[in-house]
Amino acid sequence: MIQVENLTKRYGQHVAVDNISFTVKPGEILGFLGPNGAGKTTTMNILTGYISATEGRALVNGVDILEEPEEVKKMIGYLPEFPPLYGEMTVMEYLDFVSDIKQVSGQQKKQSMEKIMDLVKIGDVRGRLIKNLSKGYKQRVGLAQAMIGNPQVLILDEPTVGLDPKQIIEIRNLISSLGKEHTIILSSHILPEVSTVCERVIIINKGRIVASDTLENLSKGLGEETKLIIRVAGPEKHVIKVISEVHGVKFVESQGSKEKDTVDIVVESSPDIDIRKPLFYALSRASYPILMMRTMGLTLEDIFLQVITEEKEAR
Amino acid sequence: MLAVIKKELRSYFTSMTGYIFVASFLFFTGLFFTLNNLLGASPDFNRVLASILFIFLLAVPILTMRLMAEETKQKTDQLLLTSPITLTSIIVGKYLAAVIVFVGTLAFTIIYPLIMSTMGKLAWSEILGGYIGFFLFGSALIAVGLFISTITENQVVAAVATFTTLLILWLIDAIIQGLPTDKTAGIIFAVLLAAGIAAIIYFATRNIYVAGGILGAGIIAIVAGYIVNPEIYTGFIGKVLEWFSLYSRYEDFELGVLSLSPIVYYITFSSAFVFLSIRMLEKKRWS
Chain A
19 MIQVENLTKR
29 YGQHVAVDNI
39 SFTVKPGEIL
49 GFLGPNGAGK
59 TTTMNILTGY
69 ISATEGRALV
79 NGVDILEEPE
89 EVKKMIGYLP
99 EFPPLYGEMT
109 VMEYLDFVSD
119 IKQVSGQQKK
129 QSMEKIMDLV
139 KIGDVRGRLI
149 KNLSKGYKQR
159 VGLAQAMIGN
169 PQVLILDEPT
179 VGLDPKQIIE
189 IRNLISSLGK
199 EHTIILSSHI
209 LPEVSTVCER
219 VIIINKGRIV
229 ASDTLENLSK
239 GLGEETKLII
249 RVAGPEKHVI
259 KVISEVHGVK
269 FVESQGSKEK
279 DTVDIVVESS
289 PDIDIRKPLF
299 YALSRASYPI
309 LMMRTMGLTL
319 EDIFLQVITE
329 EKEAR
Chain B
17 MLAVIKKELR
27 SYFTSMTGYI
37 FVASFLFFTG
47 LFFTLNNLLG
57 ASPDFNRVLA
67 SILFIFLLAV
77 PILTMRLMAE
87 ETKQKTDQLL
97 LTSPITLTSI
107 IVGKYLAAVI
117 VFVGTLAFTI
127 IYPLIMSTMG
137 KLAWSEILGG
147 YIGFFLFGSA
157 LIAVGLFIST
167 ITENQVVAAV
177 ATFTTLLILW
187 LIDAIIQGLP
197 TDKTAGIIFA
207 VLLAAGIAAI
217 IYFATRNIYV
227 AGGILGAGII
237 AIVAGYIVNP
247 EIYTGFIGKV
257 LEWFSLYSRY
267 EDFELGVLSL
277 SPIVYYITFS
287 SAFVFLSIRM
297 LEKKRWS
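Just so you know, the protein sequences line up as chains A and B, in that order. Numbering-wise (the numbering used here), the first sequence opens with residue 19 and increments by one. Numbering-wise (the numbering used here), the second sequence opens with residue 17 and increments by one.
Hints may be right or wrong, so weigh each one.
[Said to hold, decoys possible] Label pairs and their calculated CB-CB ranges: (1) LEU84(A) to SER67(B): 47 to 55 angstroms; (2) ASN170(B) to LYS139(A): 34 to 42 angstroms; (3) GLU217(A) to SER40(B): 39 to 47 angstroms; (4) VAL173(B) to ASN79(A): 35 to 43 angstroms; (5) GLY105(A) to VAL173(B): 19 to 27 angstroms; (6) LYS149(A) to SER287(B): 29 to 37 angstroms; (7) SER67(B) to LYS149(A): 38 to 46 angstroms; (8) GLU106(A) to ILE248(B): 52 to 60 angstroms; (9) VAL173(B) to LYS149(A): 54 to 62 angstroms; (10) TYR263(B) to GLU85(A): 53 to 61 angstroms; (11) SER39(A) to ILE283(B): 30 to 38 angstroms.
Keep in mind that the hints were calculated from the coordinates and are not lab data. Even glycine gets a Cβ: it sits at the ideal position worked out from N, Cα and C.
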């Protein structure tokens with residue numbers, strides 16, 4: 019669906035995007051992850067034809083954005099970082115204008131406008147001037163704008179920035195449901211957003227791709243050890259001693275006591291051995307009951323930081 | 017393009033700019049009509065049109081400062097540039113919207129010759145000539161304003177720069193009078209001109225070879241021109257600057273004469289600046 023080949027963008031001496039390549043399959047929701055200034059927005063601006071790449075090319079459905087910009091733009095709906103809204107228009111006037119420039123006409127125009135307003139829940143502010151709307155509504159009008167013309171590809175640059183937690187969840191759900199019919203690229207520096215919505219993640223730092231995989235594979239590849247956190251009722255020293263003797267345990271560390279007469283302990287084991295059962299029996303034999311046990315999977319934050327640090331070390 | 021025109025027209029009249037333009041334009045035409053034709057008892061309406069040309073200095077910046085600058089500042093240009101419409105239809109749409117507001121306002125002033133026609137016979141063909149000239153002249157200046165608005169993202173800067181440019185165009189004939197006319201000055205000016213063009217090309221393309229080539233070709237042309245006929249450099253500065261003398265070409269229209277060359281000149285001038293605006297927008301995407 020989307021093919022990016024050796025894309026580079028230079029601003030004078032500064033390299034904003036450095037030779038990146040990736041593909042997006044139809045119907046996929048791809049997360050674009052990176053710290054501020056990593057080159058996410060620049061890449062999206064190139065994909066949507068807002069700016070041109072210095073080198074490399076981008077194809078949507080096999081059509082080059084440079085060679086047939088109008089064709090590609092028809093296939094893409096773009097919500098930039100700052101929604102491009104005209105404050106002096108009402109929501110209806112605005113969507114009407116967007117429909118016109120996206121060449122949606124006649125009966126179809128009205129229908130699609132109604133449908134989209136319904137989807138993003140802005141029907142109740144349709145007659146209001148955009149400049150008087152709250153940030154959340156503005157963001158949703160921006161999203162509505164991107165959806166007009168029913169483009170196959172949606173490119174959303176930080177779509178939940180500035181929204182309150184309830185709105186964030188609404189927008190996320192909306193994006194997930196849109197993913198059934200659209201190919202979506204979504205950028206964010208907010209990690210949970212990407213982990214809840216996206217199937218695949220590209221981590222970008224200083225203009226270069228540092229990782230590209232599914233979330234599962236990323237955490238598998240990076241978190242070689244399996245970590246458990248357990249809470250045991252018993253004296254710290256003895257508990258640690260018992261756990262250390264269990265086969266397969268590689269590392270034990272106390273986290274101190276968070277509940278009276280208990281101790282929290284982090285246990286690391288080799289990935290190929292499941293130590294939960296042996297751990298249970300060993301502590302049970304020693305009469306130290308386990309009050310809580312959970313795995314410490316790597317969060318996206320961990321992955322993100324790890325990938326970026328690894329990259330720094332590699333240089 | 018129609019969508020862009022509609023949107024621009026709406027934004028003229030949902031903000032103050034449209035009303036300020038119409039009001040100030042009609043105020044000055046009314047004032048000069050009263051002074052010249054009513055109190056001065058003159059049937060010559062083209063004099064009124066000619067004497068209010070100065071109003072463009074103020075009215076054109078009002079009309080054009082917002083056009084592109086505001087889009088860039090509010091980042092709404094992202095919507096336009098990522099939509100399946102061409103840069104040409106964006107710019108031409110904006111230009112036509114500004115021209116429509118101008119022509120619409122100008123249409124109101126027909127009432128003045130109509131008032132006069134109730135008192136006697138008027139030379140309508142002459143008045144028509146005057147109107148055509150006035151329209152072409154205004155449209156050319158609007159194109160200049162549009163171009164300046166594509167350069168900056170600050171409306172105030174766009175307005176001041178447009179005003180200054182129009183003022184220079186206004187004064188250009190007087191400036192030409194004061195410039196040296198000898199051959200040496202002409203040659204120096206020609207070299208500077210070639211260097212200037214080469215510099216613009218360099219900043220646009222960042223290609224030193226192309227820019228250098230153009231400078232070289234320019235200098236060869238200047239030398240060749242000198243060998244063939246050194247007299248072409250006498251008064252050369254004036255000749256070049258005269259290309260930009262919009263006001264001197266208005267004289268025919270003031271007399272009600274419709275002659276082809278100023279018509280072609282104004283249309284070419286407008287087209288050139290509309291074209292430059294499109295290129296400017298295109299260039300922004302490459303920088």
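Going through the hints against the structure:
no.: 1; hint: LEU84(A) to SER67(B): 47 to 55 angstroms; verdict: holds, 51 angstroms
no.: 2; hint: ASN170(B) to LYS139(A): 34 to 42 angstroms; verdict: holds, 36 angstroms
no.: 3; hint: GLU217(A) to SER40(B): 39 to 47 angstroms; verdict: violated, 59 angstroms
no.: 4; hint: VAL173(B) to ASN79(A): 35 to 43 angstroms; verdict: holds, 41 angstroms
no.: 5; hint: GLY105(A) to VAL173(B): 19 to 27 angstroms; verdict: holds, 21 angstroms
no.: 6; hint: LYS149(A) to SER287(B): 29 to 37 angstroms; verdict: holds, 36 angstroms
no.: 7; hint: SER67(B) to LYS149(A): 38 to 46 angstroms; verdict: holds, 41 angstroms
no.: 8; hint: GLU106(A) to ILE248(B): 52 to 60 angstroms; verdict: holds, 53 angstroms
no.: 9; hint: VAL173(B) to LYS149(A): 54 to 62 angstroms; verdict: violated, 23 angstroms
no.: 10; hint: TYR263(B) to GLU85(A): 53 to 61 angstroms; verdict: violated, 45 angstroms
no.: 11; hint: SER39(A) to ILE283(B): 30 to 38 angstroms; verdict: violated, 48 angstroms
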